[in-house]
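6 protein chains.
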Amino acid sequence: MVDITHKSPTLRKAIAQAIVQVSSQHTIDAVLNKKVPKGDVFEMAKVAGLFAAKRTSDMIPDCHPLPIEYTAISYKVEGLSIFVFAEIHTIYKTGVEVEAMHAASVVALTMYDMLKPIDKGISIEQIKLLEKRGGKSDFGKQIK
Amino acid sequence: MVDITHKSPTLRKAIAQAIVQVSSQHTIDAVLNKKVPKGDVFEMAKVAGLFAAKRTSDMIPDCHPLPIEYTAISYKVEGLSIFVFAEIHTIYKTGVEVEAMHAASVVALTMYDMLKPIDKGISIEQIKLLEKRGGKSDFGKQIK
Amino acid sequence: MVDITHKSPTLRKAIAQAIVQVSSQHTIDAVLNKKVPKGDVFEMAKVAGLFAAKRTSDMIPDCHPLPIEYTAISYKVEGLSIFVFAEIHTIYKTGVEVEAMHAASVVALTMYDMLKPIDKGISIEQIKLLEKRGGKSDFGKQIK
Amino acid sequence: MVDITHKSPTLRKAIAQAIVQVSSQHTIDAVLNKKVPKGDVFEMAKVAGLFAAKRTSDMIPDCHPLPIEYTAISYKVEGLSIFVFAEIHTIYKTGVEVEAMHAASVVALTMYDMLKPIDKGISIEQIKLLEKRGGKSDFGKQIK
Amino acid sequence: MVDITHKSPTLRKAIAQAIVQVSSQHTIDAVLNKKVPKGDVFEMAKVAGLFAAKRTSDMIPDCHPLPIEYTAISYKVEGLSIFVFAEIHTIYKTGVEVEAMHAASVVALTMYDMLKPIDKGISIEQIKLLEKRGGKSDFGKQIK
Amino acid sequence: MVDITHKSPTLRKAIAQAIVQVSSQHTIDAVLNKKVPKGDVFEMAKVAGLFAAKRTSDMIPDCHPLPIEYTAISYKVEGLSIFVFAEIHTIYKTGVEVEAMHAASVVALTMYDMLKPIDKGISIEQIKLLEKRGGKSDFGKQIK
Numbered sequence: 005m006v007d008i009t010h011k012s013p014t015l016r017k018a019i020a021q022a023i024v025q026v027s028s029q030h031t032i033d034a035v036l037n038k039k040v041p042k043g044d045v046f047e048m049a050k051v052a053g054l055f056a057a058k059r060t061s062d063m064i065p066d067c068h069p070l071p072i073e074y075t076a077i078s079y080k081v082e083g084l085s086i087f088v089f090a091e092i093h094t095i096y097k098t099g100v101e102v103e104a105m106h107a108a109s110v111v112a113l114t115m116y117d118m119l120k121p122i123d124k125g126i127s128i129e130q131i132k133l134l135e136k137r138g139g140k141s142d143f144g145k146q147i148k
Numbered sequence: 005m006v007d008i009t010h011k012s013p014t015l016r017k018a019i020a021q022a023i024v025q026v027s028s029q030h031t032i033d034a035v036l037n038k039k040v041p042k043g044d045v046f047e048m049a050k051v052a053g054l055f056a057a058k059r060t061s062d063m064i065p066d067c068h069p070l071p072i073e074y075t076a077i078s079y080k081v082e083g084l085s086i087f088v089f090a091e092i093h094t095i096y097k098t099g100v101e102v103e104a105m106h107a108a109s110v111v112a113l114t115m116y117d118m119l120k121p122i123d124k125g126i127s128i129e130q131i132k133l134l135e136k137r138g139g140k141s142d143f144g145k146q147i148k
Numbered sequence: 005m006v007d008i009t010h011k012s013p014t015l016r017k018a019i020a021q022a023i024v025q026v027s028s029q030h031t032i033d034a035v036l037n038k039k040v041p042k043g044d045v046f047e048m049a050k051v052a053g054l055f056a057a058k059r060t061s062d063m064i065p066d067c068h069p070l071p072i073e074y075t076a077i078s079y080k081v082e083g084l085s086i087f088v089f090a091e092i093h094t095i096y097k098t099g100v101e102v103e104a105m106h107a108a109s110v111v112a113l114t115m116y117d118m119l120k121p122i123d124k125g126i127s128i129e130q131i132k133l134l135e136k137r138g139g140k141s142d143f144g145k146q147i148k
Numbered sequence: 005m006v007d008i009t010h011k012s013p014t015l016r017k018a019i020a021q022a023i024v025q026v027s028s029q030h031t032i033d034a035v036l037n038k039k040v041p042k043g044d045v046f047e048m049a050k051v052a053g054l055f056a057a058k059r060t061s062d063m064i065p066d067c068h069p070l071p072i073e074y075t076a077i078s079y080k081v082e083g084l085s086i087f088v089f090a091e092i093h094t095i096y097k098t099g100v101e102v103e104a105m106h107a108a109s110v111v112a113l114t115m116y117d118m119l120k121p122i123d124k125g126i127s128i129e130q131i132k133l134l135e136k137r138g139g140k141s142d143f144g145k146q147i148k
Numbered sequence: 005m006v007d008i009t010h011k012s013p014t015l016r017k018a019i020a021q022a023i024v025q026v027s028s029q030h031t032i033d034a035v036l037n038k039k040v041p042k043g044d045v046f047e048m049a050k051v052a053g054l055f056a057a058k059r060t061s062d063m064i065p066d067c068h069p070l071p072i073e074y075t076a077i078s079y080k081v082e083g084l085s086i087f088v089f090a091e092i093h094t095i096y097k098t099g100v101e102v103e104a105m106h107a108a109s110v111v112a113l114t115m116y117d118m119l120k121p122i123d124k125g126i127s128i129e130q131i132k133l134l135e136k137r138g139g140k141s142d143f144g145k146q147i148k
Numbered sequence: 005m006v007d008i009t010h011k012s013p014t015l016r017k018a019i020a021q022a023i024v025q026v027s028s029q030h031t032i033d034a035v036l037n038k039k040v041p042k043g044d045v046f047e048m049a050k051v052a053g054l055f056a057a058k059r060t061s062d063m064i065p066d067c068h069p070l071p072i073e074y075t076a077i078s079y080k081v082e083g084l085s086i087f088v089f090a091e092i093h094t095i096y097k098t099g100v101e102v103e104a105m106h107a108a109s110v111v112a113l114t115m116y117d118m119l120k121p122i123d124k125g126i127s128i129e130q131i132k133l134l135e136k137r138g139g140k141s142d143f144g145k146q147i148k
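Residue numbers (this note's numbering), protein chains in the order written: chain Y, 5 to 148; chain G, 5 to 148; chain X, 5 to 148; chain W, 5 to 148; chain P, 5 to 148; chain A, 5 to 148.
Derived from the structure by calculation, the hints contain no laboratory data.
Treat each hint with caution, since some may be false.
Note: identical chains are not told apart, hence a pair may lie in one copy or across any two.
Capping the alpha-carbon separation at 20 Å, the derived lysine-lysine pairs in PhoX-like fashion look like this [as the list claims (entries may be wrong)]:
(1) Lys140 / Lys11
(2) Lys124 / Lys42
(3) Lys132 / Lys120
(4) Lys120 / Lys39
(5) Lys140 / Lys124
(6) Lys120 / Lys97
(7) Lys11 / Lys42
(8) Lys97 / Lys42
(9) Lys42 / Lys140
(10) Lys38 / Lys124
(11) Lys120 / Lys11
(12) Lys120 / Lys140
Take the sequences, apply the hints, and build the full model.
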């Protein structure tokens, strides 16, 4: 684990995405109309993501435990793709990129789990960092 | 959470994959030659995956806790793609598909975390179920 | 911890309740109309309860780890009281009463946390077992 | 999860209570005389409460992880009521009310679990915040 | 992780020990007379051991999750040595040796943590398996 | 739990050891030549130790949660003894001695678990603090 004792805390932000790729418009409709038998997919998966953000250092060996000071999970539907966005802020000595990636991936896995009874053709695509602010370098377009 | 009290335990197997897509051959070489500063990527990420498999029901709301009786993590390199495979077996009333997907995703996230100091262009692609055996239906080609 | 190696697994069910006592009709309306700033209270608290049911043996020293095979969280509003019901089933050697009480209490605490920005007068009342089936004795009215 | 990056850390204190309501003086005597078969109820439940205080953000979706810097669990017996008090201090950007409520509730649940073999009529009552100091407003009488 | 899907569940027992070696009789007296400022050392460390037994598969990569059906923590004082014994039973396909070793070690670490304010010369010695029953071979003298 | 709200954060370091005592040179050779069937013992046990360092306050009742800012696991082989060293740094109000002891013990337990199929005579010896820096007093020889 990288030694960060000498670093100063600064405001760090990261946004990551994951894409839940479904196989039919029926699945999208069931999500949007809250007709999925296991419950409200967006609300339930959001909660799983909130927990996952906080538990990142418990899952990834070299991640430092850090004070997650903001987490937001949001969604966008485009065709058969459901985009999951996880935005995390902290004031700490290291960034929250992996935390955002981890949160996005757990949101997507929760959606997969909730949707697999009604759609056997789901995959999770393009888990990646969209933006980061703070630290040695910024990345991506400006977080509002 | 689906009621499974009336179901009988049977042998269940699942294999899932995740692809860690890197941006340069240098990254692949560093992994294969064990030159990544944070340590042996394949061995360390495997351990994170072993834990993740066992902790799936703690991360995904509707997943039943179940006795993970076998987990194997393996890798295949093709060009700039590192394929992660997670295979899980249980004898229980419900399958281990989400467990395999979760393990594969945490292995991939651990690799992302270990490699981001040397490669800023990594994403995780195609987390999906490759095969399942047991339960109402099989899927994919026969698990050996 | 009580030795249960000699016991036989049987179907066990338990229902527990907790009451979230709020101080104004405005709070009830905000919950029912999904106008609470932190999100959909019933859906989010349900997810916390699903996790809590599964994590009971990790929180209560003498509780045996056991295969939670069904969890359902439901609600009933009466005046300024929001009743939380947690129903849990397992087939195991010991009952799920504490699991149901734990799940109900965490659902109620999540509601407290989500509602305290809009209502400073909330308490949690009457966490208790309503019904159990299986084991040495039944208790309460018949679980349907 | 509320964004607290802009807030300044200050000393925060909270005291919450839970009441374990038993059905017979025999139960009270067994607790006080350390005759409960599962062990010393006050000492064992205290440990469960210490852990619960630290694990609050892992159980309640919107709770920020924060540095618990003091936790004390205490008890008072009045008739058939055992009052549990959980006092928590931190220096952080947000308060520890939910942490204190969570700790008190887990102490009470542990007592319930330890006492149910000898008393079938126990419930948990009045989990509520008694006092808080620090943050936008104080509440309750001065914490000594 | 070793594949155990083909194995049959049988009764398994294991007893492990750890020795907390203190540097003065004063420390032993403080423990026995319950005069340690942090609390009742034997009772509190026992609870940490109960949780540790249940969380072994969450700490040790290749350990299978299994139904801990009995855990007992006991102590014996000889001179400046405090012997910790952890006995665990399960009916499962694999043994509980590591679970017993893990529980004993966490009991000992908790005692170390509670005693270090009053004794700077403590070490933990001889964490080892004393006995096992069930599985391919027995080991040690007969568990009563 | 000791109240540390009034203390100032300073740099704290601790190094602890554990000794894995094996019964044959064959075991040492298998570890060094990476011939142990369960995998690369040093790499896998290191990961378990990284997680254990971060989870100390979740296992030991009175340990404060704190920001682990550096963890290193190293090994030295002398005859049939494998020395495990865990070094941890933080900038916080309390030290990381127990964290280092806990990490060393979990590394040793993981090695025990991985090696027991090939060596039935392993014990864990001398878990102790080697050095600490920061806080009221230093201990041991200077950490480089």
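These are the hints, each one checked on the structure:
1. Lys140 / Lys11: within (11 Å within a copy, 24 Å between copies)
2. Lys124 / Lys42: within (15 Å within a copy, 33 Å between copies)
3. Lys132 / Lys120: between (23 Å within a copy, 12 Å between copies)
4. Lys120 / Lys39: within (14 Å within a copy, 30 Å between copies)
5. Lys140 / Lys124: The answer is between: 13 Å across copies meets 20 Å, while 43 Å in one copy does not.
6. Lys120 / Lys97: between (40 Å within a copy, 17 Å between copies)
7. Lys11 / Lys42: between (45 Å within a copy, 18 Å between copies)
8. Lys97 / Lys42: between (40 Å within a copy, 18 Å between copies)
9. Lys42 / Lys140: This pair counts as between: shortest inter-copy Cα distance 19 Å, intra-copy 43 Å.
10. Lys38 / Lys124: For Lys38 and Lys124, the Cα distance is within 20 Å only inside one copy (19 Å; across copies 31 Å).
11. Lys120 / Lys11: The answer is between: 19 Å across copies meets 20 Å, while 44 Å in one copy does not.
12. Lys120 / Lys140: between (41 Å within a copy, 13 Å between copies)
Every hint, counting from the list given before, is met by this structure.
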